[in-house]
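Asks: Take the given structure of chain D and dock chain R to it, following the hints.
Number of protein chains: 2
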Amino acid sequence: MTIHILGSGSATPTVTRNPTAQLLEVSGRYFLIDCGESCQISLLRKKIPLLKINHIFISHLHGDHWLGLPGLISSMHLAGRKLPLKLFCPAGMEQILQTIFSHSETQLQFEIEFSFHHPTEKKVIWENADLEIFSFPLAHRIPCHGFLFNEKKRLRNIRREAIEVYNIPVEELINLKLGKDWLHPDGRIIDNRLLTKDPKPSSSYAYCSDTEFAPHLASYFPEVSVLYHEATFTEELIERAKLTYHSTAYQAAEIAYLAGAKKLLIGHFSSRYKDLNPFLLESQKKFANTCLVFDGFSLDF
Amino acid sequence: MTIHILGSGSATPTVTRNPTAQLLEVSGRYFLIDCGESCQISLLRKKIPLLKINHIFISHLHGDHWLGLPGLISSMHLAGRKLPLKLFCPAGMEQILQTIFSHSETQLQFEIEFSFHHPTEKKVIWENADLEIFSFPLAHRIPCHGFLFNEKKRLRNIRREAIEVYNIPVEELINLKLGKDWLHPDGRIIDNRLLTKDPKPSSSYAYCSDTEFAPHLASYFPEVSVLYHEATFTEELIERAKLTYHSTAYQAAEIAYLAGAKKLLIGHFSSRYKDLNPFLLESQKKFANTCLVFDGFSLDF
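Top to bottom, those sequences are chains D and R.
Residues 1 to 301 (this note's numbering) make up the first sequence, in order.
Residues 1001 to 1301 (this note's numbering) make up the second sequence, in order.
Just chain D, same shape as in the assembly (with noise of 0.2 angstroms):
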């Protein structure tokens, strides 16, 4: 997995920080989540070629998340898009696409399948063979929700060599891909772990923004490898935090705790501080392996 931080910032974006929006990229595969304004334009810069994007994410309809949905839906539009969309999102996003693109008489060439969040749960929301993603409610001023990506646990690697030491049939090998033992036919049994190698191990990403601290939230992505939580304030703001249904940096490193997640990116920084470093500092006190975002910011796992 690759995430690329396209927007880092919060409600009032800054000459550094656009709104939030993130494009996750799994064996070719590009997920967007979130699409603030000016989304398209850092699609530009990472050179991503905007047809490429089949399933859009949109966690809630506060204007920071989405507004550079309509005109990036218009550009694939303009660039001849046939295939269809997928977008996750809010029930509400349908009626305010449908208003804006009425306004502007544009008929799309493509379908749009809207799939629309459930309210209180966590559920699948899309898979195939590798990959199963999950929403799940936040606790924000309206209606929000997280997204998890996981990729599902891979068949182990048969040693070829090995194979041929024992002259095992081609049919039996998907049972040593799942870790099944082979009873030679003189009667032994072989352990797998001398006819297959592990697999590269599984990873995982789930996008907590925008949601005041929730402890259960925990519970929806254990372990996960790379948990995004935002981190509107510092502790300074406490109380702001709460008022707004945000968080702070220390309670992003909190939920990175309890999930026993392995690394923590924290953003949605509020405009009001040029310095990030307070933030890192803030949640490394809890979680050591913290990482600030910034729009430009890439990283594998």
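No lab work stands behind these hints: they were computed from the structure.
All of these numbers come straight from a predicted model, not from anything done at the bench.
Glycine is no exception: its CB is placed at the ideal position from the N, C-alpha and C atoms.
There's no promise every hint is true.
To be verified - Some residues of chain R that are not near chain D, with every Cβ distance over 10 angstroms (derived): (1) Arg-1141; (2) Ala-1162; (3) Ser-1225.
Said to hold, decoys possible - Just some of the chain R residues that point at chain D, by a computed CB distance under 7 angstroms: (4) Leu-1044; (5) Leu-1061; (6) His-1062; (7) Leu-1067; (8) Gly-1071; (9) Ile-1096.
Replies: Using the frame of chain D, we list chain R on its own:
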């Protein structure tokens, strides 16, 4: 007057050309003309305080001319704006903003005073002692309007030394400023030009985007100081220009020529063009005083 170009691109933005937005500064007032996506970021870059913008003019409801507006309004709200905001726009803009802000549960702390364009006539839409602003219909795929900003004719400047020589009473000065001669108590008529100096010439700015080539437009802004006219294509793509209700650089120049404009600015370049010199060369064949605009361009006049 000073015009600041915040976005010089057309429907599909590029990494160097944002969608259309311009800011006209007249004697310390800021008039925002169209508000494409990323407009508020461009305003931040230009260090224009958002709260000093009290008048916004939206030409039409294609997204590349207004998608920056909800974010800008939201940032004004978060910055504590209380003053009403005047919005000159197509009627549909009100429904769009209501839909967007109802889904985000945003209760703006200030009023938006909507003023909808007259569909077919040139109309004064705002004025004060120094300036009058007109809207006029353009010729585009959907209803679209241009704007003319006209500084009113200034009063003549009194020559203090002449006033003393002739001992002219204070209450007569307004007549002199209006250009009248003075009748001396001894019966002589004193030529106004001996008593006053020419005022600074008045400036005017006309904005035409988006529109197909329509020669009658020139009559809306005779002898304008600076005309901005869209030039989405060069003449090679004149058929595409017709089909999409846009203009070529040469057609923009023809309008400037017909209007007797003093200077022509062209922009709204299609994203297919990397090199813009052909636009300039084409326009200058008909109208020598043409200037290409770019994001960040400013001109005093």
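Asks: Each hint should be assessed against the structure and marked as holding or not.
Replies: Verification of the supplied hints:
1. Arg-1141: Given a closest Cβ separation of 7 angstroms, the condition is violated.
2. Ala-1162: At about 52 angstroms from chain D, Ala-1162 (chain R) clears the 10 angstroms cut-off, so the statement holds.
3. Ser-1225: Check passes; 31 angstroms lies beyond 10 angstroms.
4. Leu-1044: Holds, because the Cβ-Cβ distance from Leu-1044 (chain R) to chain D comes to roughly 5 angstroms (cut-off 7 angstroms).
5. Leu-1061: Holds - the Cβ of Leu-1061 (chain R) comes within 7 angstroms of chain D, reaching about 4 angstroms at its closest.
6. His-1062: Hint on His-1062 (chain R): holds, closest Cβ of chain D at ~5 angstroms, below 7 angstroms.
7. Leu-1067: 5 angstroms, holds
8. Gly-1071: Constraint on Gly-1071 (chain R) satisfied, holds at 5 angstroms.
9. Ile-1096: OK, holds: Ile-1096 (chain R) within 7 angstroms of chain D, min 6 angstroms.
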